[in-house]
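S.K.: As a plain string of letters, each chain reads:
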Amino acid sequence: MGRYIARRLFQLIPVFFGATFLIFAMVYAIPGDPIQALAGDRQISPSTVQALREKYNLNDPLPIQYAKYMGNLFQGDLGESLRGRDVTEIIRQKFPVSLRLALLAFAFEAIIGMAAGLLAAIFHRSFLDMLVLVSTTAVISIPVFVLGFMTQLILGVELDLLPIAGIQDGWRSYILPASVLAAVSLAYIARLLRTSLIENLRADYVRTARAKGLPQGRVIGRHALRNSLIPVVTYLAVDLGGLMGGAIVTEGIFNLPGIGNEIFRAVQNQDGNIVVGIVTALIIIFLLMSLIADLLYAWLDPRIRYD
Amino acid sequence: MRKHFAVCSLLLCSLLIAGCGDDNDSTAAKDAAFSLAIVEPKHLTPPLTNESEGSQVLMALFSPLVEYDTITSEPTNLMAESIELSDEKVWTITIKDGWTFHNGEPVTAASFVNAWNYTAHGSNAANNAHFFERIAGYDDVQCATDADQKCIADPTAETLSGLEVLDDHTFRVTLKDPFSQFPLTLGYNAFYPLPTVAFEDMQAYEKAPIGNGPFEMDGEWRHDEYIRVTRYENYAGTPAKAEAVEFRIYTDMATAYREVQAGNLDISKDIPPEVFEKVPEEFGDRYIFRDGSIFNWISFPLYDERFANPDLRRAISMAIDRDTITREIFSGTRSPARSLISPVVFGARKNPCGQACEYHPEEAKALFDKAGGFEGTFTLWYSSGSSHDLWIEAVGNYLRQNLGITDIKYRALPFAEYLEKRKTKGITGPFRAGWIMDYPSPQSYLEPLFTYHAWPPDGTNDSFYRNPAVDQLIREGNAAATLDQAIAKYQQAEDLILADMPVIPAFFRQSSLVHSKRIENAAIDAFDRIRVSQVEVIG
Numbered sequence: 000m001g002r003y004i005a006r007r008l009f010q011l012i013p014v015f016f017g018a019t020f021l022i023f024a025m026v027y028a029i030p031g032d033p034i035q036a037l038a039g040d041r042q043i044s045p046s047t048v049q050a051l052r053e054k055y056n057l058n059d060p061l062p063i064q065y066a067k068y069m070g071n072l073f074q075g076d077l078g079e080s081l082r083g084r085d086v087t088e089i090i091r092q093k094f095p096v097s098l099r100l101a102l103l104a105f106a107f108e109a110i111i112g113m114a115a116g117l118l119a120a121i122f123h124r125s126f127l128d129m130l131v132l133v134s135t136t137a138v139i140s141i142p143v144f145v146l147g148f149m150t151q152l153i154l155g156v157e158l159d160l161l162p163i164a165g166i167q168d169g170w171r172s173y174i175l176p177a178s179v180l181a182a183v184s185l186a187y188i189a190r191l192l193r194t195s196l197i198e199n200l201r202a203d204y205v206r207t208a209r210a211k212g213l214p215q216g217r218v219i220g221r222h223a224l225r226n227s228l229i230p231v232v233t234y235l236a237v238d239l240g241g242l243m244g245g246a247i248v249t250e251g252i253f254n255l256p257g258i259g260n261e262i263f264r265a266v267q268n269q270d271g272n273i274v275v276g277i278v279t280a281l282i283i284i285f286l287l288m289s290l291i292a293d294l295l296y297a298w299l300d301p302r303i304r305y306d
Numbered sequence: 000m001r002k003h004f005a006v007c008s009l010l011l012c013s014l015l016i017a018g019c020g021d022d023n024d025s026t027a028a029k030d031a032a033f034s035l036a037i038v039e040p041k042h043l044t045p046p047l048t049n050e051s052e053g054s055q056v057l058m059a060l061f062s063p064l065v066e067y068d069t070i071t072s073e074p075t076n077l078m079a080e081s082i083e084l085s086d087e088k089v090w091t092i093t094i095k096d097g098w099t100f101h102n103g104e105p106v107t108a109a110s111f112v113n114a115w116n117y118t119a120h121g122s123n124a125a126n127n128a129h130f131f132e133r134i135a136g137y138d139d140v141q142c143a144t145d146a147d148q149k150c151i152a153d154p155t156a157e158t159l160s161g162l163e164v165l166d167d168h169t170f171r172v173t174l175k176d177p178f179s180q181f182p183l184t185l186g187y188n189a190f191y192p193l194p195t196v197a198f199e200d201m202q203a204y205e206k207a208p209i210g211n212g213p214f215e216m217d218g219e220w221r222h223d224e225y226i227r228v229t230r231y232e233n234y235a236g237t238p239a240k241a242e243a244v245e246f247r248i249y250t251d252m253a254t255a256y257r258e259v260q261a262g263n264l265d266i267s268k269d270i271p272p273e274v275f276e277k278v279p280e281e282f283g284d285r286y287i288f289r290d291g292s293i294f295n296w297i298s299f300p301l302y303d304e305r306f307a308n309p310d311l312r313r314a315i316s317m318a319i320d321r322d323t324i325t326r327e328i329f330s331g332t333r334s335p336a337r338s339l340i341s342p343v344v345f346g347a348r349k350n351p352c353g354q355a356c357e358y359h360p361e362e363a364k365a366l367f368d369k370a371g372g373f374e375g376t377f378t379l380w381y382s383s384g385s386s387h388d389l390w391i392e393a394v395g396n397y398l399r400q401n402l403g404i405t406d407i408k409y410r411a412l413p414f415a416e417y418l419e420k421r422k423t424k425g426i427t428g429p430f431r432a433g434w435i436m437d438y439p440s441p442q443s444y445l446e447p448l449f450t451y452h453a454w455p456p457d458g459t460n461d462s463f464y465r466n467p468a469v470d471q472l473i474r475e476g477n478a479a480a481t482l483d484q485a486i487a488k489y490q491q492a493e494d495l496i497l498a499d500m501p502v503i504p505a506f507f508r509q510s511s512l513v514h515s516k517r518i519e520n521a522a523i524d525a526f527d528r529i530r531v532s533q534v535e536v537i538g
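The listed protein sequences derive, respectively, from chains A and B. Each residue of the first sequence is one higher than the one before, starting from 0 at the first, in numbering that gives the first Met the number 0. Each residue of the second sequence is one higher than the one before, starting from 0 at the first, in numbering that gives the first Met the number 0.
Rather than coming from a laboratory, the hints here were simulated on the basis of the structure. Warning: the hint list may mix true and false statements.
[Said to hold, decoys possible] Okay, derived cross-link-like pairs now, PhoX-like style, lysine-lysine, Cα gap no bigger than 25 Å in a straight line:
#  : chain 1 : residue 1 : chain 2 : residue 2
1  : A       : LYS54     : B       : LYS41
2  : B       : LYS420    : B       : LYS408
3  : B       : LYS364    : B       : LYS422
4  : B       : LYS408    : B       : LYS422
5  : A       : LYS54     : B       : LYS422
6  : B       : LYS422    : B       : LYS240
7  : A       : LYS67     : B       : LYS175
8  : B       : LYS175    : B       : LYS149
9  : B       : LYS41     : B       : LYS364
10 : B       : LYS206    : A       : LYS54
11 : B       : LYS95     : B       : LYS240
12 : B       : LYS422    : B       : LYS41
13 : B       : LYS149    : B       : LYS349
14 : B       : LYS149    : A       : LYS54
[Claimed, not checked] With the Cβ distance kept under 10 Å, some of the chain B side facing chain A (calculated, not the full set):
#  : residue
15 : HIS42
16 : LEU47
17 : GLY121
18 : SER122
19 : ASP153
20 : ALA156
21 : ASP251
22 : LYS420
23 : ALA480
From the three backbone atoms N, C-alpha and C, an ideal C-beta is built for every residue, glycine too.
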């Protein structure tokens with residue numbers, strides 16, 4: 000077990016180098032001059048262009064730029080954005096926001112999604128089941144920004160229940176955006192769990208458990224549910240990273256200073272240092288989450304072993 | 000194995016709790032404070048700030064030599080006691096006594112001269128360096144360049160030879176060439192004074208800039224969240240009416256608008272066209288709009304021979320219905336342009352373009368045929384991501400309908416790539432362009448866009464238009480002795496340009512704001528800035 004984890008952690012190293020280089024190369028390949036774009040339609044003096052190009056190593060070929068970046072990285076320096084801000088500082092400011100948003104959304108989708116799936120499966124073909132099916136279909140088919148505007152208008156402007164933008168009200172600020180962000184994944188999880196649980200409840204080993212006279216709760220909780228959770232865990236693990244980096248629309252609507260919009264803006268401005276810094280951190284989160292998911296499989300299903 | 004799971008969930012929980020800790024830092028609301036929505040500024044120092052959002056904040060923190068009237072944009076001296084022309088290109092500027100920076104340092108002639116020297120010097124990589132290009136000695140503080148505008152030698156001087164401190168309150172500015180509009184330019188960001196502390200570490204200074212304006216920073220700039228300022232009690236000018244202002248930073252102005260609706264925000268500008276129709280009805284006199292200075296047009300790549308005939312360019316202009324486009328696509332948040340100079344500028348005329356900028360589909364077709372029509376693919380270019388697609392497509396439809404051009408294509412590029420193509424003659428059809436004035440002078444709309452010496456790579460005349468008569472008239476306007484004489488020359492130049500029609504004027508953007516019931520006297524100036532020091536909190 001320990002060796003398995005060590006091996007997996009060791010694999011992070013080449014992935015880390017490969018991924019950073021790829022991202023670096025992609026930002027490098029975007030056509031257009033980021034320095035000129037800084038000035039917009041206006042004129043910018045040749046001295047200014049020259050000084051900025053030197054500062055950001057933009058005159059060097061790609062491998063040299065990458066080597067310089069990596070050299071600084073190992074001294075704990077993620078470089079500066081084109082607007083002159085420390086990338087470390089940007090990450091320190093924005094990661095907590097995205098993390099809170101993602102974790103709250105994660106909690107919503109895990110708890111509500113699983114509860115809905117569980118109920119729908121147990122009361123298969125009942126009114127409750129139909130309700131879950133219809134409402135999840137509705138949520139999946141409504142675009143996120145429509146959902147965002149609707150909740151803002153109804154819960155924020157009309158009923159004045161919750162803040163609709165910014166993070167100044169602490170956790171309360173995250174409730175609306177996290178629910179909107181969680182909505183689609185929540186629907187998927189409910190449906191995933193429902194399908195897989197309905198199938199498992201028909202399996203031989205469940206019939207055996209029932210025949211042994213186990214109470215219903217134990218049959219479902221210990222036997223059927225645990226096995227049915229594997230696809231859900233897989234989905235959840237991949238989703239956390241997506242919730243953090245992919246919340247561009249939600250962050251925009253609810254005005255959260257998170258990393259989604261930061262990456263979006265940085266790509267538009269060809270601000271390589273920001274893109275590489277944030278995306279690398281996201282990759283590490285993805286990799287760690289998938290490691291956790293793999294370890295959970297073994298706990299959920301004793302047939303799976305890592306040795 | 001179960002242990003691992005427990006550890007993991009513990010980890011998640013502790014993250015959640017750690018996240019909770021630093022949240023409740025919202026300060027107690029001040030009675031006479033109001034909030035205002037902005038987009039994250041790119042920079043917050045006079046040498047670097049060159050866009051509207053940074054300008055909005057700097058305006059609260061700094062006071063310029065010359066300020067512009069909110070409505071008419073007419074310049075009056077603010078920090079300047081007098082600005083006198085002593086020789087045809089030598090200006091003597093005297094500043095008022097008793098002004099201080101927020102840290103108590105007196106504002107002197109040196110505060111201006113040092114700031115300008117810093118910005119102009121090539122090694123400081125300031126965006127606003129080129130604002131000093133008219134001052135003698137500018138070329139020596141910038142690098143020497145080759146034909147492609149690449150640096151080949153370092154600057155040879157440390158300071159501008161044209162700037163000279165005479166005493167604590169007087170300094171002299173010597174220009175390279177006579178420039179009648181010089182005092183008008185001094186309200187721009189680049190010309191604010193800087194305190195000594197700024198030069199020690201400009202990057203640290205930017206976190207909480209110290210200025211000489213009606214408000215001072217309250218804490219540091221919280222990027223993508225807010226910038227808070229409080230009234231500077233030792234301000235030597237007219238004191239601000241409100242005690243404090245919070246500039247709240249939004250990524251999406253539609254959200255800011257809903258915040259005003261919900262009563263969480265006091266002022267929001269740049270109302271999105273999609274909600275615009277309901278605004279006048281819902282906000283009544285709490286909705287304010289005015290003509291703005293942002294100009295949008297369609298440029299012709301004059302280096303492409305297919306667009307060499309002025310009749311063809313005029314025909315294209317007459318085939319486009321500007322009124323319908325501004326009404327239907329922009330819900331009236333733009334006004335049709337029939338001039339090159341924004342209506343907010345003194346010296347602007349309503350319709351110097353005449354028939355050529357009006358919608359005359361039949362004449363357009365006749366002129367188009369007379370000019371020999373158009374062969375091949377007609378490509379309309381624009382920059383992606385700023386919702387230009389709708390109106391550019393409308394233009395394409397008018398051309399297809401009225402001129403019978405069948406093979407019309409659209410090409411949208413990301414902004415950086417788009418700019419590069421424009422500068423390097425890489426465009427193969429009419430292309431969208433925009434401009435916002437730096438100071439309220441017709442010259443600001445003409446010289447950078449239509450003169451030969453403003454050709455890329457070092458200029459912004461990217462239609463590559465050249466008319467020696469226009470160059471001469473603008474030179475004469477710059478050298479004119481009085482403002483009226485200057486304006487007459489600029490207007491003649493505008494007429495010549497419009498007759499050649501290197502660009503088709505499309506529309507001017509209007510500035511607008513909505514505000515809450517808590518405040519009054521919210522006004523927006525020609526630079527799309529809200530005059531924060533005039534705003535009064537009443538509720």
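S.K.: Find the hints from earlier in the document that the structure breaks and name them by number, from lowest to highest.
M.R.: Structure breaks hints 3, 6, 7, 9, 13, 20, 23.
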